[in-house]
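Chemist: Listed here are the chains, written in short residue letters.
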Amino acid sequence: MIRLFALLVMLGSPANAEEIVLGLSRDQVAITATFEGSEILLFGAIKREAPIPDKSELGIIVTVAGPDMPVTVRRKDRRFGIWVNTDEVEVDAAPSFYAVATTAPMQDVLRDTEDLRYQITIPRAIRSVGAQVGDSGAFTQALIRIRAGEELYQVLEGAVDLEEETLFRTAIDLPANLTEGEYEAHIFLTRNGRVVDEYVTTIPVQKVGLERWLYNMAHDNAFLYGLMSLSIAIAAGWGASAVFTMLRR
Amino acid sequence: MQIYLPIAEVSVNAFLLLGLGGIVGILSGMFGVGGGFLMTPLLFFIGIPPAVAVATEANQIVASSFSGVLAHLKRKTVDLKMGTVLLIGGLVGSGLGIVLFNYLKALGQVDLLVKLCYVVFLGMIGTLMFIESLNAIRKSKKSGHVSTRRKHNWVHNLPFKMKFRVSGLYISVIPPLLVGVLVGVLAAIMGVGGGFIMVPAMIYLLGMPTKVVVGTSLFQIIFVTAFTTMLHATTNYTVDIVLAVLLLVGGVIGAQIGTRIGVKMKAEQLRILLAIMVLAVCGKLAFDLLVQPTELYSIGTEGHA
Numbered sequence: 005m006i007r008l009f010a011l012l013v014m015l016g017s018p019a020n021a022e023e024i025v026l027g028l029s030r031d032q033v034a035i036t037a038t039f040e041g042s043e044i045l046l047f048g049a050i051k052r053e054a055p056i057p058d059k060s061e062l063g064i065i066v067t068v069a070g071p072d073m074p075v076t077v078r079r080k081d082r083r084f085g086i087w088v089n090t091d092e093v094e095v096d097a098a099p100s101f102y103a104v105a106t107t108a109p110m111q112d113v114l115r116d117t118e119d120l121r122y123q124i125t126i127p128r129a130i131r132s133v134g135a136q137v138g139d140s141g142a143f144t145q146a147l148i149r150i151r152a153g154e155e156l157y158q159v160l161e162g163a164v165d166l167e168e169e170t171l172f173r174t175a176i177d178l179p180a181n182l183t184e185g186e187y188e189a190h191i192f193l194t195r196n197g198r199v200v201d202e203y204v205t206t207i208p209v210q211k212v213g214l215e216r217w218l219y220n221m222a223h224d225n226a227f228l229y230g231l232m233s234l235s236i237a238i239a240a241g242w243g244a245s246a247v248f249t250m251l252r253r
Numbered sequence: 352m353q354i355y356l357p358i359a360e361v362s363v364n365a366f367l368l369l370g371l372g373g374i375v376g377i378l379s380g381m382f383g384v385g386g387g388f389l390m391t392p393l394l395f396f397i398g399i400p401p402a403v404a405v406a407t408e409a410n411q412i413v414a415s416s417f418s419g420v421l422a423h424l425k426r427k428t429v430d431l432k433m434g435t436v437l438l439i440g441g442l443v444g445s446g447l448g449i450v451l452f453n454y455l456k457a458l459g460q461v462d463l464l465v466k467l468c469y470v471v472f473l474g475m476i477g478t479l480m481f482i483e484s485l486n487a488i489r490k491s492k493k494s495g496h497v498s499t500r501r502k503h504n505w506v507h508n509l510p511f512k513m514k515f516r517v518s519g520l521y522i523s524v525i526p527p528l529l530v531g532v533l534v535g536v537l538a539a540i541m542g543v544g545g546g547f548i549m550v551p552a553m554i555y556l557l558g559m560p561t562k563v564v565v566g567t568s569l570f571q572i573i574f575v576t577a578f579t580t581m582l583h584a585t586t587n588y589t590v591d592i593v594l595a596v597l598l599l600v601g602g603v604i605g606a607q608i609g610t611r612i613g614v615k616m617k618a619e620q621l622r623i624l625l626a627i628m629v630l631a632v633c634g635k636l637a638f639d640l641l642v643q644p645t646e647l648y649s650i651g652t653e654g655h656a
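Residue numbers (our numbering), protein chains in the order written: chain A, 5 to 253; chain B, 352 to 656.
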């Protein structure tokens, strides 16, 4: 449906034959024991059959989104002199990571109606339907503020370099506190704020090696994992005691 | 050096964890407390998800308590009989505590309950211990000898009496069993070993000698926390073994050092230090509840995952 619409838009505008070709610096992110975050380089070109249309303004928007998860946002209020959680809003789906990079300020490269349709900016990427409190907007803002503070939500206006209206590149920093899953990268090509082409690719983010093994074991052989944790604890306790007894002699 | 924790899914500094484990381990060895009541809030503070912090801390307490109890066993300062009675109560209590915890979790507000529990119990125990040990120090300075408190209270009039030779007690098994249950319930709710409640209860309620209290408390804590670890590992999958190993390497070494410091100190000094520490943690938690937080909102994913 979106594709069809995009096609119609493309047919209606003078710049119709523009298409994104993309490359990635890495096709997957491996979370190892010493994982400290990662940088993904997204680069590409705009393929054209016709000369560059000079009237309209070209924009590139790159988004990288982690897996969607439901979250509960709680607000504290003063009750009987102490601060307690009073109100809460269930957010149906919020990406665990979301970065949006553009070639220019958002309002110049994206119209609001297009944002609504493609869910590009952060507030649009968060889906919140069932709100029990009147000012649920404040809760969504708080969610964005807290996640932005942890570098999980990033707005990078002007971070996409565009050369000769053809070549583009941008780097997205993935922080160390990353959740596993399929990360989706979307690249939008806009003309006067209208999306004329969209390119989607996925980047799997996975634990590997020891991390993978432990995680799987904790979930698949929970009892064994628990016993292993306990025996390590007891062995360490005994070991330290033995070493110290030897040292004292 | 940053380390990515596979279960907690966060990246933390390995040396920070080793250091935290070491400091808490020293305290644990000195006072016979598992150190969970200090470590769990510290782990929250460095960004470990609360569920993982509580479960992993239980595992770490097993290690430091085991290390500590071995040192005490060598000096014969563990009352195994008393420990077993406390343990039976403790296992019943932690079973009850987990039921209660899950019920409150369904109602929401479990965070608040945990914090209020901390403030109330730490405040009460800390104040009582502080006053008591201050009096004891004053008395011992005046008269030159430590007075032995052997007064008979209601505890001594209950049935099912049993002889606890190491503690030099002949009392009913009911009070130790109840202490065990109470500690077990609180341990499950607060995610701690419960030593900081049990140690004062053993001294003031059961009248056990301070030197025996520490080893016996550690002995009981090992089993209760091992039980809790298994429960968390099999039901919530929240035990992070990498986090546990980092904490316990520091912890077991610290516990050995702490036990040796503890032997060199007078019982009254030991108690007053523990009281000050308990009051400090209590004050910090109470402060957080009373003062307006800078961020009124918080994000929770529990109940979904």
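Where hints are given, some of them may not hold.
Claimed, not checked - Short derived list, chain B residues pointing at chain A, Cβ under 7 Å:
| hint | residue |
| --- | --- |
| 1 | ALA365 |
| 2 | LEU367 |
| 3 | LEU369 |
| 4 | MET513 |
| 5 | VAL517 |
| 6 | ASN587 |
| 7 | GLN607 |
| 8 | PRO644 |
| 9 | THR645 |
| 10 | SER649 |
To be verified - Derived DMTMM-like pairs (lysine to aspartate or glutamate); straight-line CA-CA distance at most 20 Å:
| hint | chain 1 | residue 1 | chain 2 | residue 2 |
| --- | --- | --- | --- | --- |
| 11 | A | LYS80 | B | ASP639 |
| 12 | A | LYS80 | B | GLU646 |
| 13 | A | LYS59 | A | ASP139 |
| 14 | A | LYS51 | A | GLU23 |
| 15 | B | LYS466 | A | GLU23 |
It is worth saying that the hints were derived from the structure and are not from the lab.
Remember, predicted model here, so these are calculated numbers, not experimental data.
No residue lacks a Cβ here, since even glycine has one placed at the ideal position from N, Cα and C.
Chemist: The structure should be examined with respect to each hint, and the outcome stated for every one.
Modeler: Structure-based check of each hint:
1. For B:ALA365, the interface hint is violated, since its Cβ never comes within 7 Å of a Cβ in chain A; the closest pair sits about 9 Å apart.
2. Among the interface hints, the one on B:LEU367 is violated; its C-beta lies about 14 Å from the nearest C-beta in chain A, farther than the 7 Å criterion.
3. The closest approach between the C-beta of B:LEU369 and any C-beta of chain A is roughly 13 Å, which is over the 7 Å cut-off, so the hint fails.
4. Hint status for B:MET513: violated, given a least beta-carbon distance of 29 Å to chain A, over 7 Å.
5. Taken as an interface hint, B:VAL517 does not check out: its beta carbon lies about 20 Å from the nearest beta carbon of chain A, beyond 7 Å.
6. The beta carbon of B:ASN587 is not positioned within 7 Å of any beta carbon in chain A (closest approach about 9 Å), and the interface hint is therefore violated.
7. Annotation: B:GLN607 was flagged as interfacial toward chain A, and the flag holds, the nearest CB pair being 4 Å apart, inside 7 Å.
8. Contact between B:PRO644 and chain A, as hinted, is supported at the beta carbon level, the nearest pair being about 6 Å apart and thus within 7 Å.
9. The beta carbon of B:THR645 is not positioned within 7 Å of any beta carbon in chain A (closest approach about 11 Å), and the interface hint is therefore violated.
10. Given hint, B:SER649 at the interface with chain A, holds; its Cβ is 5 Å from that chain's nearest Cβ, closer than 7 Å.
11. For the suggested pair A:LYS80 and B:ASP639, the alpha carbons sit about 12 Å apart, so the restraint of at most 20 Å is met.
12. Among the hinted pairs, A:LYS80 with B:GLU646 is consistent with the structure: their alpha-carbon atoms are about 9 Å apart, no more than 20 Å.
13. Restraint check for A:LYS59 and A:ASP139: not satisfied, since their Cα atoms lie roughly 42 Å apart, outside the 20 Å limit.
14. The hinted pair formed by A:LYS51 and A:GLU23 meets the criterion: a straight-line CA distance of about 5 Å does not exceed 20 Å.
15. With a CA separation close to 57 Å, the supplied pair B:LYS466 and A:GLU23 exceeds the 20 Å bound.
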